[in-house]
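Participant: Here's the letter readout for the chains.
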Amino acid sequence: MSDLKAKLGLNVFKPLPAPHIRIRPGMERDPRLRAAARACPAGLYAEGADGVFTLTIDGCLECGTCRIACGTGVLEWGYPEGGTGVQFRFG
Amino acid sequence: MEKFDVIIVGAGLAGLAAAYTLAGEGVEVVVLERGDYPGSKNLSGGRLYLNPVRDLFPGLWDEAPLERAIVREGATLMARNRSFTFHYTGSELRTDRPQSCSILRSKFDRWFAERVEERGGMILPKTLVTDPVLENGKVCGVIAGGDELRADAVIACDGVLSLIPEKAGLRAPARPHDYAVGVKEVIRLDGQVINDRFSVGEGEGAAHLFAGDITKGLFGGGFLYTNQDSVSLGLVISIEDISKEEAAGDAPALFEAFKARPEIEPLIRGGETMEYGAHVIPEGGYRALSRLFGDGILVAGDSAGFALNLGFTVRGMEYALASGYFAARAVIEAKKAGRYDAATLAVYQKLLEDSFVLKDFQTFRDTPRVLSNPHLFGHYPELVGNLMRDLYTVPAGPKSPVFTTLRKHLTLGELWTMLMDAKEVAKI
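Protein sequence lines correspond, in order, to chains A and B. Residue numbers for the first sequence follow this note's numbering, so the first one is 336 and each next one is one higher. Residue numbers for the second sequence follow this note's numbering, so the first one is 628 and each next one is one higher.
It should be emphasised that the hints constitute simulated quantities derived from the structure, not laboratory data. Please read these numbers as outputs of a predicted model, since none were measured by experiment. Among these hints, one or two may not hold up.
Said to hold, decoys possible - Residues of chain B clear of chain A, computed beta-carbon distances all greater than 12 Å:
#, residue
1, Leu-751
2, Thr-1020
3, Val-1029
4, Arg-1034
5, Leu-1037
Stated by the list, open to error - So the derived list for chain B, only partly shown, Cβ under 7 Å to chain A, looks like this:
#, residue
6, Lys-753
7, Leu-755
8, Ala-799
9, Val-808
10, Val-810
11, Glu-902
12, His-906
The beta-carbon is built from N, C-alpha and C at its ideal position, and this holds for glycine as well.
Make a model of the complete structure from these sequences and hints.
Facilitator: Encoded structure:
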């Protein structure tokens, strides 16, 4: 996982004023989140030993995989404010 | 309240192609782009097939920041512990009008946006469009950064999630079955090292696709494209498949395992990763396309679902460019008629049907289903690998006759399976 953090550290990110994706309140144990934990290319979703999922937004590549994998029933999903978030230099 | 002739959501290839075409005809057009600059949110595998789009944008390509002309194709079937590779090259790939080129989207799109501005098109970066403005079901503009902007027509080129068409009622939310996620590293390598490693000359490049154990039997595959001074190395995996419990490993781990394969590691040895990105790819083909037009709105590029995976060729960018171009042509016709309702904008669908875009999607409408056969990602790579192993092995003792080796692998049951799969493949 630390390798992944290091790779994400190579990207240019402009600070997010607020998280643009949130697990809907009360849905932190929803098993649909396991799909995001498996599919997120940035590894931002983690399942704790207590079955509670957490989302760390820093490093988000804004690909939308989690929105498709879990749906908006469990995630509040939006793009970050204009000019913030990941800025690809190569793409 | 600001009012424009045309608002384009998103400065990707579809949006920029539409803006370039409209601005060239003197139509007042503004492109709203959420990135810091055009290209900064855009990512592709990195191969553009020029032939279908060259003539839609005359004069654009000579100065374009293309990376390398692809003159060498390769494909590898990856079994667990072995692999089978072939290469193809041909004189038709080595002309001064190359069939395809590698590109890096942030560089290319930024340059393309400058060409749009030269023609008088307006580009507003750092501007997130959150909603369409709807009046009696007609799209009359967008909400961007909290402000309402109005236009006669909106062209949604807002990317694969297609949030604006979804909010305008043109499509249902995306289903995992119809999408894959691609993860990619851009790895810096000296240009001469690339020439030597991939057997290409100056300005020439190679493209290589990989399928099999690298996705652990899941739908998907790997790619490698050579750029001028870097390679784009990526892995594409079905979102539906990777989401399932039984899948082996998560997406980042699968990608790391792919990089470490003995077939891949020597190709990127000594290289330095410069960027790690991801992009969702439409994989549903014709069946999964969005509605392409409504009252006051057209949909182009990834937002419409315009990407097509044919196994040996994986295409999206030229469909984005062409659909943007034809959306612009449709708007120009609508402007002449002075009407932007769905019946008038329907000419967009007609233009696409008469072009390679929808012709290709119709021709290959069954391909996504055929290519989702799990045999292609596990069984056949192992079969071919094992057959090759036995053909090449020289044992300590006597070697079996070739026919015996073939019969051992190609049993009646195996041939029957192949025949059944071949019947499906015949449909593509």
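Participant: Using the nearest Cβ pair, does Leu-755/B come within less than 7 Å of chain A?
Facilitator: 4 Å, holds
Participant: A cut-off of 12 Å on Cβ-Cβ distance, and Leu-1037/B was said to be off the interface with chain A. Does that hold?
Facilitator: Fine: 36 Å to the nearest Cβ keeps Leu-1037/B off the interface.
Participant: Is it the case that Arg-1034/B keeps its Cβ farther than 12 Å from each residue Cβ in chain A?
Facilitator: 41 Å, holds
Participant: Let's test the interface hint: is any C-beta of chain A closer than 7 Å to that of Glu-902/B?
Facilitator: With a closest approach of 5 Å, the Glu-902/B hint holds.
Participant: Far enough from chain A: is every CB of that chain over 12 Å from the CB of Val-1029/B?
Facilitator: 43 Å, holds
Participant: Can you verify the interface hint for Lys-753/B: is its Cβ closer than 7 Å to any Cβ in chain A?
Facilitator: Since the shortest Cβ distance to chain A is 3 Å, the answer is holds.
Participant: Does His-906/B hold up as a contact with chain A if the rule is Cβ-Cβ below 7 Å?
Facilitator: 6 Å, holds
Participant: Could you check if Ala-799/B really has its C-beta closer than 7 Å to a C-beta on chain A?
Facilitator: 11 Å, violated
Participant: Hint validation: Val-810/B versus chain A, beta carbon distance must be below 7 Å. Holds or violated?
Facilitator: Check passed: Cβ of Val-810/B comes within 4 Å of chain A, closer than 7 Å.
Participant: Would Thr-1020/B pass as off the interface with chain A, using Cβ distances and a cut of 12 Å?
Facilitator: 36 Å, holds
Participant: Does Leu-751/B really sit off the interface, with its C-beta more than 12 Å from all C-beta atoms of chain A?
Facilitator: 9 Å, violated
Participant: Going by Cβ atoms only, is Val-808/B closer than 7 Å to chain A?
Facilitator: For Val-808/B, the interface hint holds, since the closest Cβ of chain A sits about 4 Å away, which is under 7 Å.
Consistency note: the structure conflicts with the earlier hints numbered 1, 8.
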